[in-house]
Amino acid sequence: MLRMTKTHVSPGTPGSGPARRTPGFRAAAVGAALPLVLAACGSGSGTAEDGTWAPTEAIEITAPAATGGGWDTLARTGARLLEEEGLVDQSVQVVNKPGAGGAIGWAYVAGHGGDPHKLFVTSPPVLLVPMAGNSDHDHEDFTPIARLATDYMVYLVPADSDVETFDELAAQAESGEFSVGGGSGPGSMDHVALAGALTAAGTDPASANYIPFDGGGEAMTSLLGGHVDAAVVGTGEALGMLESGDMRAVGISSPERVEAVSDVPTLVEQDVDFTFDIWRGVMAPGDLDGAQVAYYEELFAELMDTEAWQEESARLGWTDAYQDSEEFGAFLDDTRDEYAEILTEVGLQ
Amino acid sequence: MGMLDQLLHGFSIALTPQNLLFVLIGVLAGTVIGILPGLGPMSAIALMIPIAYGMEPTSAIIMLAGVYYGAIFGGSTSSILLNAPGVAGTVATSFDGYPMALRGRAGKALAIAAISSFVGGTIGVVGLMAIAPGLASFAVSFGPTEYFALMVLGLTAVVSLGGNNLVKGLISAVVGVMTALVGIDSQTAIVRYTFDLPELYEGVEFLIVALGVFALAEVLVMLNRRGQGGARKGVTSLRLSGRELGRIAPPTLRSSVLGFFTGVLPGAGATVASFLSYSMEKKIARDGDTFGQGNPKGVAAPEAANNAAAVGSFVPLMTLGVPGSGTTAILLGALLVLGVTPGPTMLADNPDMFWGVVASMYVGSVVLLVLNLPLIPVFAKVLNTPRAVLVPLVVVFCVVGVYGLSFSVFDLGLLAAFGAVGFLMRRNGFPAAPLILGLILGGLMETNMRRALQISGGDWGVFASEPISAGLLAVALLSLLPALVRAVRGLRRGRVGPSSPEAATDAGAVPDGGSEDQAPTPRG
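Each protein sequence line maps, in turn, to chains A and B.
Just so you know, we're using the numbering used here here: the first sequence kicks off at 1 and counts up by one.
Just so you know, we're using the numbering used here here: the second sequence kicks off at 1 and counts up by one.
Okay, chain A solo, but in the shape it has when bound:
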């Protein structure tokens, strides 16, 4: 049996930190059924004579968070559709490993190096949490499998606000009198999305008053109650509020307009050269061989072609953004550099 490693972790760099999107208490993870999976039989097994590979036992998808969050949703939706659509011969199990903003789950997967039956779902925190020094493992310890979908950030103001464009928001934010709420801690996703956009708009992101809340929902309630002046949250979270007309979005971080909120202009349209993806993908332990990676690339590409996937992702507000293993790996490296630059601007790196 391979064991989860619990080694020394250096304390976080002051002023930076992981995304904590699960609000309130650490949620329970009882829903996770621990499959009785024995240690992997080595990378050799499952490889056919023509060099292709197929899983020989149940596939386990780890959500490095509790049930009910974004990672859990992706893991469970993916697992269910893979089985329902008959894309896999083996069963697909979801395991929740909550804790330390994902680091506990990553340590668990990293402890299964070379095991091709242990996947995990991933998104920007896999870059941001290690950058803050709060994880033993970063994305280079894992094999990228595929990027699947993406979601974007919206920049919200109350319906009756004077602020009409992102430039106006940026100008207000620079004054320091204007507070912008977000759903995660300083140096994490929402903050990076705000700071990057402010920099692109030509203002100093360090002078903005960013107020971290426990989750985008809390940030939006505070905006509704007039306790903060603006908020930056995921598009999916804001759909209800935008529809009801309680709030207005002065910008979205997508390269092109998004269908679900087609009246919201992109930042790029407003001559603010910045995009921010809340990308979601799948990764595996390190040291997988080419045939194994090729199998999963193909599998997830097929999954995204199904009608059921299209329906689910439309419902969850995701946009397809498939990248294969190599592209995804390069994307991760580039994105990390971009985040580092933004965090340096705000003085968090």
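It is possible that part of the hints are untrue.
Now the stretches of chain A that chain B is said to cover, found in silico as 3 or more residues with beta-carbon under 8 Å [claimed, not checked]:
{"#": "1", "region": "98-108"}
{"#": "2", "region": "174-188"}
{"#": "3", "region": "205-214"}
{"#": "4", "region": "243-251"}
No wet-lab data here; the hints were simulated from the structure.
All residues carry an ideal CB built from backbone N, CA and C; glycine is no exception.
Add chain B to chain A, keeping to what the hints say.
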């Protein structure tokens, strides 16, 4: 009239055989999971999520809502019988419920809990139905400044919960607040008091502390007392006389209303509601001194409040799409996967679901009462279990409950550590209740205070200039006044004549002159 029509329509949805079955499954599963110490509504809902996937959305949320309030309903049972809170919201119930059980009044305590839960739940549903849309503006009127003031008000209860030694009560509360600070600070992302252990990055789970300092400490006390008579009286009747019902009626009604409004606030929830109502009733009651020694009002108040709050927390969820607690956050996640986006437009877009759920809550409340009252004598038999069987069982339940939260062996170590801390506190006369209060309210108070100051640019004046916050802080100050006056008087007398024996005893009797040391199991 329109509302009544819609409610009737709701009942027509809730009372279809299929949905009736799901209400039953939901509340039954919730009650059973709630009774097990450590397994709360979060675990219960998390367990049910995989089942709910693929179900028709209205049926699924009816079932999951049933699991939620069923778990809170059932959680009181283990608080009362074993001093092992099943659910965070029922920790306050054990303050008086367990002493009642030790005095052979377990049946009555369970009956009071069931009835006040029912009343709280029903008043909550009426509130949800009648004023939910209007309440959205109330819910958002609370920002960081207001939450800070609310938590301060809640923390003033430390003075009255501390028993007969104010200093020990305050020390205990401070330890609770310090425990709440462990983990990555959400305002600056700096790790605090984690000793470089990643397991502590997300803080210490509240239930681990509660189970440690209550249930495990109780077990250690039992073991320590081995040989001395078990003195556990058998279970008496669960019948409540008209007089008893009359006594608990006002606290139940008051706490139901307070609980509902606290539940509506997205930053508060059932646990905060139960503590607020417990301390409010302790202050209001003429026999407030006997709270903590088995006063029935001390069971009725938190039970009515936590059930009303559980229903109230559906207001921000269904009208704003914002989860008010960890449990509703999981519920929101489940809803999103089911293709329902709760939010401001839900009532208009999806009236079937809203009214179906409201009606199912009426049905669920009745089912819970009918289900639980006959079972009370069965549950109460737990108290007759020989200690040799009971002690290992409680330990097993605590361990399973904690392990089920995170599958973390580290958390089991924490549980043992807090058990030891709780035992030592008991041996040395430190009350455990303020520690729990400090843990629950202290963390929220700190975060919101810093958020408020960050928004105001460091200006402390906001706490006095915002009307809601100023009002709450004034109430907090007023409620502290009697204790402060007594303390100052004691000090002054002490200074005038330090040798006066009268002054010494007076100072010792601060803050409320309570004589908790005569309780069967001293908490203070």
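Each hint tested on the structure:
With a cut-off of 8 Å between beta carbons, the region 98-108 of chain A has 7 residues touching chain B; three or more are needed, and the interface restraint holds. For the region 174-188 of chain A, the proposed coverage by chain B is satisfied: 7 residues have a C-beta within less than 8 Å of a C-beta in that chain, meeting the threshold of three. Counting residues of the region 205-214 of chain A whose C-beta sits closer than 8 Å to any C-beta of chain B gives 5, which meets the bar of three, so the coverage hint holds. Given a C-beta distance limit of less than 8 Å, the hint that chain B covers the region 243-251 of chain A holds, as 3 residues qualify and 3 suffice.
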